[in-house]
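Sequences are here, hints too, so could you generate the full structure?
In the numbering used here, the protein residues as written are -19 to 119.
It should be emphasised that the hints constitute simulated quantities derived from the structure, not laboratory data.
Quick caveat: nothing in here was measured; it's all calculated off a predicted structure.
Errors might be hidden in some of the hints.
Derived CB-CB ranges, DEER-like [stated by the list, open to error]:
1. S80 x Q44: 22 to 32 Å
2. V(-9) x A76: 40 to 50 Å
3. R91 x Q44: 26 to 36 Å
4. E77 x P(-16): 23 to 33 Å
5. M(-19) x D93: 39 to 49 Å
6. E1 x R84: 18 to 28 Å
7. S(-12) x D93: 18 to 28 Å
8. I41 x M(-19): 28 to 38 Å
9. R37 x R(-2): 23 to 33 Å
10. P101 x A56: 30 to 40 Å
Note that CB positions come from ideal geometry on N, CA and C, so glycine has one too.
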Amino acid sequence: MPQPPPFSPTVTLLTVSRVWEATFAEALKPLGLTTRKYGLLGHVRGTPGISFSELARRSRITVQSTHAAVAAFVAAGLVDDGTAHAGAASSLRVTAEGESLLARAAEEVARLDEEFTARHPELTEALRAHMARTAAATP
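Shown next, in the form of structure tokens:
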């Protein structure tokens, strides 16, 4: 009888991540958001005036995809793009409607955090400790 493979923290972390990413995506879906759109909108809110290239870099997508996503946000009333013309410095800002959407998304994140912590208290503490060590080691 074959032996089970040895424990792999990498595979385990990827598995847990995929399960919770799917759960997160399902929680955002009724809000009209995907995980990527939530991240993009959060970056715009966190860094008003962020450039398209910086937004693309932080989100790990192309500048062209960033322009398309921002155009959709503008059309939905979530972002104001005060950019005067192509090539001009951006002046992206989240609108009041975008802030409201992010607040509703934050409620979903809080609910998922509570659920995760209840199901996996030891993992939650291990992740918290890991992040604290990582933050302390970053200059």
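Hint check:
Evaluation of the 22 to 32 Å hint for S80 and Q44 yields a pass: the beta carbon distance comes to about 28 Å. As the Cβ distance of V(-9) to A76 is approximately 44 Å, the hint placing it in 40 to 50 Å holds. Taking the beta carbon of each, R91 and Q44 are about 34 Å apart, inside 26 to 36 Å as hinted. Here the CB-CB span from E77 to P(-16) is close to 51 Å, at odds with the stated 23 to 33 Å.
For M(-19) and D93, the Cβ-Cβ distance of about 41 Å falls inside the hinted range of 39 to 49 Å, so the restraint holds. At about 19 Å, the CB distance of E1 to R84 agrees with the hint of 18 to 28 Å. A C-beta distance of roughly 26 Å is found between S(-12) and D93, which places it inside the suggested range of 18 to 28 Å. Remark: the range hint 28 to 38 Å for I41 to M(-19) is contradicted by a beta-carbon distance near 46 Å.
Evaluation of the 23 to 33 Å hint for R37 and R(-2) yields a pass: the beta carbon distance comes to about 24 Å. Evaluation of the 30 to 40 Å hint for P101 and A56 yields a pass: the beta carbon distance comes to about 38 Å.
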